[in-house]
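From first to last, the protein sequence lines are chains A and B. In terms of the working numbering, the first sequence opens at residue 558 and continues consecutively. In terms of the working numbering, the second sequence opens at residue 18 and continues consecutively.
Worth flagging that the hints you see were computed from the coordinates, not collected in a lab. There may be inaccurate statements among the hints.
Within a straight-line C-alpha distance of at most 27 Å, the following computed DSS-like cross-link-like pairs (lysine-lysine) qualify [unchecked claim]: (1) B/K57 to A/K679; (2) A/K747 to B/K196; (3) A/K689 to B/K57; (4) B/K57 to A/K620; (5) A/K605 to A/K747; (6) A/K740 to A/K727; (7) A/K616 to B/K57; (8) A/K769 to B/K196; (9) B/K22 to A/K679.
To be clear about the criterion: a stretch of chain B counts as covered by chain A if any three or more of its residues have a C-beta under 8 Å from a C-beta of chain A, and this derived list gives those stretches [what the hints assert, rightly or not]: (10) 153-161; (11) 190-196.
All of these numbers come straight from a predicted model, not from anything done at the bench. Ideal placement from N, C-alpha and C gives every residue a C-beta, glycine not left out.
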Amino acid sequence: MQHFFYNCMGEVLSIKTIAAGAITETVARLCMEANFFLGQDITDAFNKTLGEETSLTGKEILKQLIQNAQIAAENKVPMCQDTGVAVIFLELGQDLQIAGGGLYDAVNEGVRKGYAEGYLRKSVVDHPLLRKNTGDNTPAVIHTKIVPGENLKITVAPKGGGSENMSAIKMLKPSEGIEGVKKFVLETVKAAGPNPCPPIVVGVGIGGTFEKCALLAKEALLRKLGGPSPIPDIAELEKELMNAVNKLGIGPQGLGGRTTALAVHVEIYPCHIASLPVAVNINCHSTRHKEAVL
Amino acid sequence: MPQIKLSTPLADENVENLRIGQKVLLNGILYTARDAAHKKMMELLDRGEPLPFDLRGNVIYYVGPSPTKPGMVIGSAGPTTAGRMDAYTPRLLSLGLKGMIGKGKRTPEVIKAIKQNKSVYFTAVGGAAALISQSIKKCRVLAYPELGPEAIHELYVEDFPVIVVNDSLGGDLYDEGIKIYSTI
Chain A
558 MQHFFYNCMG EVLSIKTIAA GAITETVARL CMEANFFLGQ DITDAFNKTL
608 GEETSLTGKE ILKQLIQNAQ IAAENKVPMC QDTGVAVIFL ELGQDLQIAG
658 GGLYDAVNEG VRKGYAEGYL RKSVVDHPLL RKNTGDNTPA VIHTKIVPGE
708 NLKITVAPKG GGSENMSAIK MLKPSEGIEG VKKFVLETVK AAGPNPCPPI
758 VVGVGIGGTF EKCALLAKEA LLRKLGGPSP IPDIAELEKE LMNAVNKLGI
808 GPQGLGGRTT ALAVHVEIYP CHIASLPVAV NINCHSTRHK EAVL
Chain B
18 MPQIKLSTPL ADENVENLRI GQKVLLNGIL YTARDAAHKK MMELLDRGEP
68 LPFDLRGNVI YYVGPSPTKP GMVIGSAGPT TAGRMDAYTP RLLSLGLKGM
118 IGKGKRTPEV IKAIKQNKSV YFTAVGGAAA LISQSIKKCR VLAYPELGPE
168 AIHELYVEDF PVIVVNDSLG GDLYDEGIKI YSTI
């Protein structure tokens, strides 16, 4: 909806307004779609690696994953029983107004609705030590960016425990440089072994501060699979890491094979003269995420 | 590779003949249990009380299914990471538990206990939960309904597909598989 106002100069201003209810509906829909429908980029990667994988067991697993995605889409049931914590990225246009409720309340209401209506598993506990299930998969983990414009982009990325638990962050010394980064990524993937449901997608953050680096690694998982970094030396690093990871031999489900990762994505950010943070966020073969723009 | 069909409860000689990498189709009853149910079972054992099901010859499936859609037997039901149950496993194996289904590596203590007790650890394909659910024909909550997806369910399965990861000789498919394909 478009509202018109006059400013102090007598000029007409137009402010776009969206209803909180529309945000709720969109989040609910995206929670279900992300869990039911495998991304086309992932399906393409499964088919490509099926041709390259030399392990017979590995091939069979890839075929089962393709078949699983078909069954889930057809029956509108989740691909995996672990329908994850709802990690939600918002890009909020600074000229947009939200009417009829708080933004985060609207998002959490959407998670509540999507996880109930989609028969998705509720996997969130209220207190990390006392561990009582909240019963509706809220609260979501929400990351917001304020951007120019008047749109709201919503990305829902349900994240399962198996792969999240194998992720790691380390504050390297700047002198360790690119070799230190490569070593840490490989160590993390190797230690993860079969647990994060390979073939995995590896999100790597380099730079920033401790928390910024972790967020970069998470954001790297949202990129279209295999789309290289626009920064030439980082695109080269992605290629090298991808080769090195697939030489580990972990393979589909960790039972041995050539296909350990479907992609390695690296995001970078400037950092302190004394720091070289590196974060590795591992995602499973399905790397679920769906987005919409309001 | 030909697939082996086995029925639960598993017979000792059938388990002892299994070798890592073999593909098995399981038929019969499986019991589900993950973190919270294991903790409760340990409390029962500590108090000297009986468990909700007889462990002897039986198989535990580490899974927390998604909610069941109307008209379906069960929600999506793929394996969860087995390592979180490692602390409890040797005790259950010593009491007669014969098999486990999950995903991911077990500790050396568990692998040793699997060998000592002539049992087996299988993996099902993690994340193939919608496909796996199709081999589950009946499902009922047996104990701890208050745990929701973590309750102990009794599943009746037909041709439930698994792969032998740790056998009664102490073998580990995760180690052996990587050795074959690693080129570093």
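Hint check results:
Pair hint B/K57 plus A/K679 holds up; C-alpha atoms about 20 Å apart against a cutoff of 27 Å. This hinted pair checks out: A/K747 and B/K196 have alpha carbons roughly 13 Å apart, not beyond 27 Å. Proposed proximity of A/K689 and B/K57 is supported: the alpha carbons are some 15 Å apart, at most 27 Å. Our distance criterion of 27 Å between C-alpha atoms is broken by B/K57 and A/K620, whose separation comes to about 37 Å.
A C-alpha spacing of about 23 Å is found between A/K605 and A/K747, which places the hinted pair at or below 27 Å, so the restraint holds. Taken as a hint, the A/K740 and A/K727 pair is honoured in the structure, with Cα atoms around 11 Å apart against an allowance of 27 Å. Straight-line distance between C-alpha atoms of A/K616 and B/K57 comes to about 39 Å, which puts the hinted pair past the 27 Å bound. Between A/K769 and B/K196 the alpha-carbon distance is near 37 Å, which puts this suggested pair outside the 27 Å criterion.
For the suggested pair B/K22 and A/K679, the alpha carbons sit about 34 Å apart, so the restraint of at most 27 Å is broken. For the stretch 153-161 of chain B, the stated coverage by chain A is not satisfied: 0 residues place a CB nearer than 8 Å to a CB of that chain, which falls below the threshold of 3. Counting residues of the stretch 190-196 of chain B whose beta carbon lies closer than 8 Å to any beta carbon of chain A gives 6, which meets the minimum of three for the stated coverage.
The structure does not agree with the numbered hints 4, 7, 8, 9, 10 stated previously, though it agrees with the rest.
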